[in-house]
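Just so you know, the protein sequences line up as chains A and B, in that order. Each residue of the first sequence is one higher than the one before, starting from 1 at the first, in this note's numbering. Each residue of the second sequence is one higher than the one before, starting from 1 at the first, in this note's numbering.
Note that these hints are calculated values from the structure, not bench results. For every residue, glycine included, the Cβ atom is placed at its ideal position computed from N, Cα and C. Warning: the hint list may mix true and false statements.
[Stated by the list, open to error] Distance condition first, Cα-Cα at most 30 angstroms in a straight line; then the derived BS3-like pairs of lysine-lysine:
1. 214(B) / 77(A)
2. 72(B) / 411(A)
3. 294(A) / 180(A)
4. 77(A) / 58(A)
5. 51(B) / 440(A)
6. 72(A) / 46(B)
7. 336(A) / 72(B)
8. 6(B) / 77(A)
9. 436(A) / 51(B)
10. 341(A) / 291(A)
11. 43(A) / 427(A)
12. 48(A) / 336(A)
13. 6(B) / 72(A)
14. 6(B) / 411(A)
15. 51(B) / 232(A)
16. 51(B) / 72(A)
17. 46(B) / 232(A)
18. 426(A) / 72(B)
19. 427(A) / 96(A)
20. 6(B) / 119(A)
21. 164(A) / 304(A)
22. 214(B) / 411(A)
23. 96(A) / 46(B)
24. 444(A) / 46(B)
25. 257(A) / 72(B)
26. 77(A) / 72(B)
27. 72(B) / 427(A)
28. 96(A) / 51(B)
29. 46(B) / 411(A)
30. 146(A) / 180(A)
31. 46(B) / 332(A)
32. 336(A) / 43(A)
33. 51(B) / 444(A)
34. 46(B) / 440(A)
35. 336(A) / 353(A)
36. 341(A) / 362(A)
37. 294(A) / 72(A)
[Unchecked claim] Here are the in silico distance ranges between beta carbons for each label pair:
38. 27(B) / 113(A): 55 to 61 angstroms
39. 178(A) / 105(B): 36 to 42 angstroms
40. 77(A) / 61(B): 52 to 58 angstroms
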Amino acid sequence: MKKILSLLLSIVCIVTLFTACSEKSSAEVYFLNFKPESADVYKEIAQKYEQETGVKVKVVTAAANTYEQTLKSEIAKSSAPTIFQVNGPIGYESWKDYCLNIEDTDFAKLLSDQSLAIKGSDDGVYAVPYVVEGYGIIYNDAIMKKYFALSNRATSITAADQIKNYQTLKAVVEDMTARKAELGIKGVFASTSLSSGEDWRWQTHLLNVPLYYEFRASEDYNDPTIAGLNAKEIAFRYSNNYRNLFDLYTNNSISEKGILGSKSTSDSMAEFALGQVAMVQNGNWAWSQIKDVKGNTVKEDDIKFLPLYTGINGEEKQGLCIGTENYFAINKNASKESQQKSLDFLNWLFTSKTGKDYVTNKLDFITPFNSFTEQELPSDPLAREVVRYMNDDTLETVPWIFTSFPSDVFKTEVGGSLLEYVQGNKKFEDVEQKVKSMWKSERK
Amino acid sequence: MKYASKRWFIIFVVPTFAAFAIAFLIPFLSGLYLSFCEFRTVSDAKFVGLKNYLSAFSDNGDFLNALWFTVKFSFAAVIVINVIAFLLAVLLTRGIRGTNLFRTVFFMPNLIGGIVLGYIWQLIINGVLYNYGYSITSSATFGYWGLVILSSWQMIGYMMIIYIAGIQNIPTAILEAARVDGASPFRTLRSIVIPSVMPSITICLFLTITNSFKLFDQNLALTAGAPSKQTQMLALDIYNTFYGRVGYEGVGQAKAVVFFVLVAIVALLQLYLTRRREVEN
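Generate coordinates for the entire structure from the input sequences, incorporating the hints supplied.
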């Protein structure tokens, strides 16, 4: 009797050991979210969707800058994400074995411009962009007005929106730095955050501008992104223009150069929100970061965009950098049923009344989908500015050609050399060399 | 009796062995296999032979740089930790007032996780360096000493406890005999205390060497390798190769295997060398 009992007990032990390993998740739609700033909203959306349809949506958000890592370990699991994100053509290349062809789905057909989708070698649609974003220099017009009201200022223009090129920007910024005590600011630009993982505003976004002009001049390709994707090597012809704006940021910054290596993007956004600085380079997604800062002094009507002027000829007509690096893909290896359920969820999100309300008012997305009318645009001031720039026919939008940058390693290496340049351990020529050599070695 | 124990053997060993296999043996062997494969996620591996090992060493200098930095770090950390821990142990076995309080205080940092410690020390070090217009990423030297200070702070307490246990184990008769014979405190330390705590020294050296080589969270939280990977240690380099670089998963895995072999060799060598000097009481 005793023997049987202990035998039973040990069997129970072993069985629990094994069942613990094969635990099944009940969610059939699993969305691995890329945007940490929208994590809470997606949770809410998932709850709402479950209330309306009874389908459970599991939302997991990867921490900032760890999406690729998270995806890599999640997708190997038996309950892998059914909806995940790729960041453009390069991202698609590394995940193409996991992307489902969604050419004939309602969701893919929502795109108002089919050419925006990522197509595979068989011309099928494998990833669909879901948000259009823009970035430039965000400025606080209240501080700018204060500056332009000064009688002893050294510049002749009378409002921030008259800044149309690098020369004017530089003159204004440097004069503002000289008078920062009168303006009540600690610096013109927020910290040029260069701590690890926080340098994407410079090694990706700012670098987009000089390389866009280089690829645009390509004789072989009309589309600068495609020219970039096919470029085995780059000349980095506009490196001095890149340096112009980067130096302007660090020379007129709130922080000393030596400590930039420990600053993060949220540090810079907080400095801007608290009114300590007048300008910061970032995109319209940053609105949530600005408005949620405790003690925020920036009024909604005062927050405006300037294009990234670097001193390139003809930049008076340059607009914001507008594009997308956010594409949804459906996991090819998921069951047919959950693939369909995932597509249904996305369809609901971007076509139903409730879903669209979340998209425009909570996620603050400008979408590329035809299910949204022109009135259904986010109400946040930065998104409105992006729309204003998009609709201004006199300006030329700079597309996001950085989706053609060869790899993440390219970006981190460039970021690392920027940090060493700022700290004075390297010359700008070394940064220039790094950009060129890393492009060549990473593009195989 | 023999018959019974054979039957019970299965019942008692199987659960433990299964746990060991699932949590250690199987991952280890599949990791070994994966180091010879090209793969994106661990479930879609394709065999490619020794290619990964070749590119681990030849692709860029990262791995060798990280190795050299790790060796430099371990060298300093092992000496600093063990010397200070031993001195503290000697001090705290003299029966001075508040001995227990001090032992607790010195041991406490060990109870805090590496990531948290990393961020705490990053704040402290930056707080000091900011005054001079620097931060911890300004130069690799700052990061290097930052890491040494951080890991000393964390590990000294633990090693101190081991040394204290060793010193307390020395028979008082021998110490008394030495005193009667008129041996100076330094002489006692050199000829009696140190030889008697050789087993503790073996353990402490083993722990500090392997821990210094394997250091990861502290490195990630304190500098994350900045500036330009100059303060990147082996474990962090492996992590970055595996996760940060598409198509290099296998190379990361190969680096991990090389790393394992290296740590094993260093640890075994050290065990062999210090064991020889141990004396029986």
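Q. Out of the numbered hints, which ones does the structure contradict?
A. Hint check: 7, 8, 10, 11, 13, 14, 19, 20, 26, 37, 38, 39 and 40 fail, others pass.
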